[in-house]
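So the sequence lines, in the order shown, correspond to chains A and B.
First residue of the first sequence: 5, per our numbering; consecutive thereafter.
First residue of the second sequence: 1423, per our numbering; consecutive thereafter.
Everything labelled a hint here was simulated from the structure, so no lab data went into it.
Among these hints, one or two may not hold up.
In silico BS3-like links for lysine-lysine, alpha-carbon gap of 27 angstroms or less [to be verified]:
| id | chain 1 | residue 1 | chain 2 | residue 2 |
| --- | --- | --- | --- | --- |
| 1 | B | K1461 | B | K1478 |
| 2 | B | K1461 | A | K136 |
| 3 | B | K1461 | A | K108 |
| 4 | A | K136 | B | K1497 |
| 5 | B | K1452 | A | K108 |
| 6 | B | K1452 | B | K1497 |
| 7 | B | K1482 | A | K108 |
| 8 | A | K136 | A | K108 |
| 9 | B | K1461 | B | K1477 |
| 10 | B | K1497 | B | K1461 |
| 11 | A | K104 | B | K1477 |
| 12 | B | K1445 | B | K1482 |
| 13 | B | K1440 | A | K104 |
| 14 | B | K1478 | A | K104 |
| 15 | A | K101 | B | K1478 |
| 16 | B | K1497 | B | K1440 |
| 17 | B | K1433 | A | K104 |
| 18 | A | K126 | B | K1433 |
| 19 | A | K136 | B | K1478 |
| 20 | A | K126 | A | K88 |
| 21 | A | K88 | B | K1497 |
| 22 | A | K136 | B | K1477 |
| 23 | B | K1445 | B | K1433 |
| 24 | B | K1478 | A | K108 |
| 25 | B | K1452 | B | K1482 |
| 26 | B | K1477 | A | K108 |
| 27 | B | K1445 | B | K1497 |
| 28 | A | K101 | B | K1461 |
| 29 | B | K1477 | B | K1440 |
| 30 | A | K88 | B | K1452 |
| 31 | B | K1433 | A | K108 |
| 32 | A | K104 | B | K1452 |
| 33 | A | K136 | B | K1452 |
| 34 | B | K1482 | A | K136 |
| 35 | A | K88 | B | K1477 |
| 36 | B | K1445 | B | K1478 |
| 37 | A | K108 | B | K1440 |
Far from chain A, by Cβ distances over 10 angstroms, these chain B residues were calculated [said to hold, decoys possible]:
| id | residue |
| --- | --- |
| 38 | K1433 |
| 39 | S1443 |
| 40 | N1462 |
Glycine included, every Cβ here is placed at the ideal spot set by N, Cα and C.
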Amino acid sequence: MGKRYFPFVTYFLTSSHINKVIDAIVDTGSPFTVLSTNEILGTRLPIHTMQKGEMVSLAGFRFFRYLINNVSMSFRTDTNELVKVQMSSIGALIPTKLDKVTLKGVMSIPNIVGHDFLEENKVSFHFNPCVKSAYLEC
Amino acid sequence: MQDSEILEILKVAEDDTKWFSEKYEELQSKYAGKVVAVKNRNVVGDADSVDELVKKVQEKGEDTAYVLIETIPGKDVSFIL
C-alpha cells in the first residue's frame, strides 16, 4: 500500500488563461516549475497558441515544456495572509506522444515547484520528514 | 479576484490536501488507478481519465478551478519522481 511522503504545497495560480488552485510537490531536483499533463487536461488552456519550450524527460517520459508566461502564484501564510509571487513563466508538460498508453502512464506525475521558483523569488524550502514538516520561507 | 476569495479557496484546498494525505491508504483501496476530484474533505468525483472526471465534476455544478485533482496510483505501484 502506498503512502504520500512528498512535501506538497498548495497555491493559487493566476495568468491570462488560467485561475486555478494547484497542489504541487516541491522538487529541488527539478530545474523548472511545471504543471502536470493532468492539470493541463483539466483546464481549457489553449496549448496550440503557446510557445513550445525545450523537450524535457521525466519519469521515463518525454514532454514538450510549453510556456505559460507572466504568472502569479499566491500562497497562504501560517498567519492567514496572502503572499503573491510572480514568475516570468512556468511550464506545462505535454507528452511528445499523445496516445492512450502514454496519457495513462503520465497520470501520476504531479505538478512541480522547481528550484527556478526558489531562486527567482529568493525563497528557501525547509523539509523535515522526521517531524512531517515542510514549508517555504521568503 | 479579491485576495480574500483566494485566501478562502487556499484554506479549503490546503485542508483538502491534508485530508487527502491522511486518508491516502484508505482512498487508494477504493480508487486505485483513478483520478479523483477532492473538495471539502470529500471525493466529489472519480474517473479513469481527467477528461471524464472534469465532465463528471462539472455536471455536479462544481468549478474545476477550485477542486483538487489528484491521481491515485495502483496498489502495487509506488511512485518515485
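Right, here's what the structure says about each hint:
Using a Cα cut-off of 27 angstroms, the hinted pair K1461 (chain B) and K1478 (chain B) holds, with the two alpha carbons roughly 14 angstroms apart. For the given pair, K1461 (chain B) sits about 23 angstroms from K136 (chain A) by alpha-carbon distance, which is consistent with the 27 angstroms threshold. For the hint pairing K1461 (chain B) with K108 (chain A), the CA-to-CA distance comes to about 24 angstroms; that is within 27 angstroms, so the pair holds. Under the criterion of a C-alpha separation no larger than 27 angstroms, the hint pairing K136 (chain A) with K1497 (chain B) is consistent with the structure, at around 23 angstroms.
Simply put, K1452 (chain B) and K108 (chain A) have alpha-carbon atoms about 18 angstroms apart, close enough for the 27 angstroms limit, and the pair holds. Straight-line distance between C-alpha atoms of K1452 (chain B) and K1497 (chain B) comes to about 10 angstroms, which keeps the hinted pair within the 27 angstroms bound. Taking the CA atoms of K1482 (chain B) and K108 (chain A), the gap is about 25 angstroms. The hint holds against a cut of 27 angstroms. Distance restraint check for K136 (chain A) and K108 (chain A): the Cα-Cα separation of roughly 30 angstroms exceeds the 27 angstroms cut-off, and the hinted pair is therefore not satisfied.
A hinted pair counts as satisfied when its Cα atoms are at most 27 angstroms apart, and K1461 (chain B) with K1477 (chain B) qualifies at roughly 16 angstroms. Distance check on the hinted pair: K1497 (chain B) and K1461 (chain B) sit about 23 angstroms apart at the alpha-carbon level, within 27 angstroms; holds. Of the pairs offered as hints, the one joining K104 (chain A) and K1477 (chain B) holds, with about 18 angstroms between alpha carbons and a cut-off of 27 angstroms not exceeded. The suggested pairing of K1445 (chain B) with K1482 (chain B) holds, with an alpha-carbon distance near 23 angstroms, which does not exceed 27 angstroms.
For the given pair, K1440 (chain B) sits about 31 angstroms from K104 (chain A) by alpha-carbon distance, which is inconsistent with the 27 angstroms threshold. Among the hinted pairs, K1478 (chain B) with K104 (chain A) is consistent with the structure: their alpha-carbon atoms are about 20 angstroms apart, no more than 27 angstroms. For the proposed pair K101 (chain A) and K1478 (chain B), the alpha carbon gap of about 26 angstroms is at most 27 angstroms, so the pair holds. At most 27 angstroms may separate the alpha-carbon atoms for a hinted pair to count; K1497 (chain B) and K1440 (chain B) meet this at roughly 20 angstroms.
Restraint check: the Cα-Cα separation between K1433 (chain B) and K104 (chain A) comes to about 35 angstroms, which exceeds 27 angstroms; the hinted pair is violated. At most 27 angstroms may separate the alpha-carbon atoms for a hinted pair to count; K126 (chain A) and K1433 (chain B) meet this at roughly 24 angstroms. Restraint check: the Cα-Cα separation between K136 (chain A) and K1478 (chain B) comes to about 34 angstroms, which exceeds 27 angstroms; the hinted pair is violated. Our distance criterion of 27 angstroms between C-alpha atoms is met by K126 (chain A) and K88 (chain A), whose separation comes to about 13 angstroms.
Note on K88 (chain A) and K1497 (chain B): the hinted pairing is violated, with a Cα-Cα distance of about 37 angstroms set against a maximum of 27 angstroms. Taken as a hint, the K136 (chain A) and K1477 (chain B) pair is broken in the structure, with Cα atoms around 35 angstroms apart against an allowance of 27 angstroms. Distance hint between K1445 (chain B) and K1433 (chain B) is fulfilled; the C-alpha atoms sit about 18 angstroms from each other, no more than 27 angstroms. At roughly 19 angstroms between alpha-carbon atoms, K1478 (chain B) and K108 (chain A) fall within 27 angstroms of each other, so this suggested pair holds.
Between K1452 (chain B) and K1482 (chain B), the direct Cα distance comes to roughly 21 angstroms. Compliance with the 27 angstroms bound is thereby established for this hinted pair. For the given pair, K1477 (chain B) sits about 18 angstroms from K108 (chain A) by alpha-carbon distance, which is consistent with the 27 angstroms threshold. For a cut-off of 27 angstroms, the pair hint linking K1445 (chain B) to K1497 (chain B) stands: about 14 angstroms separates their Cα positions. About 32 angstroms separates the Cα atoms of K101 (chain A) and K1461 (chain B), which puts this hinted pair outside 27 angstroms; it is violated.
Annotation: proposed proximity of K1477 (chain B) to K1440 (chain B) holds, straight-line Cα distance about 25 angstroms (limit 27 angstroms). Of the supplied pair hints, the one linking K88 (chain A) and K1452 (chain B) is violated, its CA atoms being roughly 37 angstroms apart against a limit of 27 angstroms. Simply put, K1433 (chain B) and K108 (chain A) have alpha-carbon atoms about 31 angstroms apart, too far for the 27 angstroms limit, and the pair is violated. The hinted pair formed by K104 (chain A) and K1452 (chain B) meets the criterion: a straight-line CA distance of about 23 angstroms does not exceed 27 angstroms.
About 25 angstroms separates the Cα atoms of K136 (chain A) and K1452 (chain B), which keeps this hinted pair within 27 angstroms; it holds. For the hint linking K1482 (chain B) to K136 (chain A), the alpha-carbon distance of about 35 angstroms lies beyond 27 angstroms, and the restraint is violated. The suggested pairing of K88 (chain A) with K1477 (chain B) is violated, with an alpha-carbon distance near 31 angstroms, which exceeds 27 angstroms. With a C-alpha separation of about 22 angstroms, the suggested pair K1445 (chain B) and K1478 (chain B) falls inside the 27 angstroms cut-off, and the hint holds.
At roughly 25 angstroms between alpha-carbon atoms, K108 (chain A) and K1440 (chain B) fall within 27 angstroms of each other, so this suggested pair holds. The Cβ of K1433 (chain B) does not lie farther than 10 angstroms from every Cβ of chain A; its closest approach is about 6 angstroms, which violates its non-interface assignment. With a closest Cβ-Cβ approach of about 5 angstroms to chain A, S1443 (chain B) is found to fall inside the 10 angstroms limit, against its non-interface label. Annotated as non-interface, N1462 (chain B) keeps its C-beta farther than 10 angstroms from every C-beta of chain A; the closest such distance is 13 angstroms.
Hint compliance for this structure: hints 8, 13, 17, 19, 21, 22, 28, 30, 31, 34, 35, 38 and 39 are not met, and every other hint is.
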